[in-house]
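Could you slot chain B onto chain A? The hints should help.
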Amino acid sequence: MATVEIERIAGEDDSGLILNMGPQHPSTHGVLRVVLKMDGEYIEEAVPIIGYLHRGTEKIAESETYTQILGYTDRMDYTAAASSNLGWLVAVETLAGIEVPERAQWLRCIVGELGRLAGHLVWIGTHALDIGAMSVFLYAFRARERVLELFEELCGARMTHSVMRPGGFLEEPREPFYEKLESSLDYFIKEINQFDKLLSKNDLWLGRTVDVGVISGDDAIAMGLSGACLRGSGVEWDIRKAEPYAAYDKVEFDIPTGTGKGDVYSRYLLRLEEMRQSVRIMRQVIEHLPPGPVMTDDARVARPDTPRLYTDMEAMINHFWMYIHGFPVPRGETYVAIEAPKGELGFYVVSDGSGKPYRMHVRSPSFVNLQSLPYLVKGRLLADVVSVIGSIDIVLGEIDR
Amino acid sequence: MTELVIAVIFKSIIAFAVPLLVVPPLIWGERRLLGRIQSRLGPNRVGPFGAFQTLADAVKLLGKEDMIPAGADRALFILAPFLLLVPSFMAWSVVPVGTELHIFGRVIGLYATDLNVGVLYIVALTSVAVYGIVMAGWASNSKYALLGSLRSSAQMISYEIMLGIALVGVVVLAGSLSLPEIVRQQQVPFAIPLIIGAFVFVCAALAETNRAPFDLPEAETELVSGYHVEYSGWRFSFFFLSEYANMLLASFLVSAVFLGGGWPAQFLEPYIGHLFTTLLAVGIMMSKVFLFLFIYFWIRATLPRFRYDQMMNFCWKVLLPLGLLNLAVATVLKLTIYA
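So the protein lines, in turn, are chains A and B. In this text, residue positions in the first sequence follow the working numbering: the first is 1, and each later residue adds one. In this text, residue positions in the second sequence follow the working numbering: the first is 1001, and each later residue adds one.
Hints are not guaranteed to be accurate.
In silico DSS-like pairs for lysine-lysine, Cα to Cα no more than 25 Å straight-line [to be verified]: (1) B:K1317 x A:K201; (2) A:K59 x A:K356; (3) A:K37 x B:K1143; (4) A:K180 x A:K250; (5) A:K378 x A:K261; (6) A:K197 x A:K261; (7) A:K190 x A:K201; (8) A:K378 x A:K37; (9) B:K1143 x A:K378.
It is worth saying that the hints were derived from the structure and are not from the lab. From a predicted model like this one, the values you see are computed outputs, not experimental measurements.
Isolated chain A, as found in the complex (with noise of 0.2 Å):
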């Protein structure tokens, strides 16, 4: 596939330089693969070429349970790996018809928004060291180090987490957690204003962004773009708002959408504003958290008591049952999405009955998005292609799975 299309692009007269970006160049954000016809500095048309990260993570879903699979969800979107876990989660639970308690649905738009935030931090280092403001990189992992921190504070890990479980969380977060999460709220919104004053009204910042890697709200729409690519282009649209899922309907937050350009600066400025909300949300939730258990007590999913595992012959046998053969989900499929940092993630899941999916299928918003690269890029400069994409936002775990 890759071979015909780069044939195509050079053409049967073999003119115009054929230029190879990747797997291995330090902009592509991991192994993106890119081969570019140019005219001189100009883009004539680009090919993205993936596959250098593929794992089967799809293939491999079919014979781990569901909650096993959760694992193979951390390594989607490293970046943020929280929201990669909880799309998952939502997924499976619809399926399954899990209820989940109040206060685990409250403490899920926690993880899901700093996941966000460590996404958006990842994202915006990236994409300033790509145009060439290098502080602004190690600024960026200043403050995600501290988002990290929280997650280790949560469940121990600091990339792949997999803190939360089918019907909730494996237990009760401790209570240093929340006290170090309110206390770096304002930290984070001081990191994200710095950005802001480094970056927004910089001329060559302002030079790099302003009318490069332009899409129109109809055009993002008809590629299917999401998340900040759709938004950008003044598209209001946050599965959030639209289809609520965790306590998302029970919290206040905007939904920024930049200028409305559908430029690069507009996905800049609205994924600023969006770490923004995180934290207005995250502050929300510290204020409205209810009390309560965090794990359904439905007993196909939750685990029995300990105490009960040694002196309770049924609760033993379901424990066993649990984890080897994994939790019966009715038959039936389903196609769930949730807003993760890079758009809308969604799983499609099919169930014949067992503990193990029959099929697992993700909608990974990097992969969606990254095809509208060739049109972004087309008749730009070859600096612009960094730009674009960084301002894609991808990340190849997701793209390759």
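Quick look at chain B alone, frame taken from chain A:
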């Protein structure tokens, strides 16, 4: 006569040694400073505060295998680094550290030579470096290197004109092409009447030395590292050395030509005597140089990079009119105040 020869040899060695001896600490200083700005440590393992880091890097580079990629044009590939490094060292022969030192009944100029066309000499030598870059890009047989060298040659040729135009204003005011003479002429640093020219010169110097925000020829995130992507080992270190030597040269030039060298030390001569004045002047000159280098590093840490077309626009649509305006200002000043 013998003494004269000795003095010339001594000064030549110094002129050669300055870039060689100052550049390694300079690289270390840049990395430490960037570290401070970016809230990280920077090199701090080799020697006190990591001061020998550059030395260790140099040893590492020298120990590397000398690689010439397949399909490269060997002769040009080998020639290119020299073509870049030699002119950047040659230019040092006319750079003044101060004016004259009267000691033991003789006059020693604090420069290797007082060439009467010093400014022209420097501008001429910097244009030779373009050939080195074009050759490096062409000979590497790599598309990234070729694109980098294309960008670089366009950039350096354009910005050299701006460099020249900014200097013409100074030459008009000073009435001389000799650098020590220009320093001597500055009762008030030329940066004050010719503030526009100083701005054009600083921008052009940044671009000429391929430093941020004009570092497109080696734009790491676009072209990986541009024209020297295929070079490794000591050949690469030549590119590195010449970049920093050029940077240092640009700092010396801007201090001498626009900031008046040791100004205002010369006004103290009646009070503290000639020897101390000269030493003070050299000290002031060096602090101006380091101030300018600091600005170089600071800009690198702060600003995003230009895009190719924007950089060209900036050169021809902003700097050129400003440079011409500066020339007009200089002419008017020469006919009125400086007459």
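Quiz prompt | Non-conforming hints, listed in increasing numerical order | solution = No numbers; nothing is violated.
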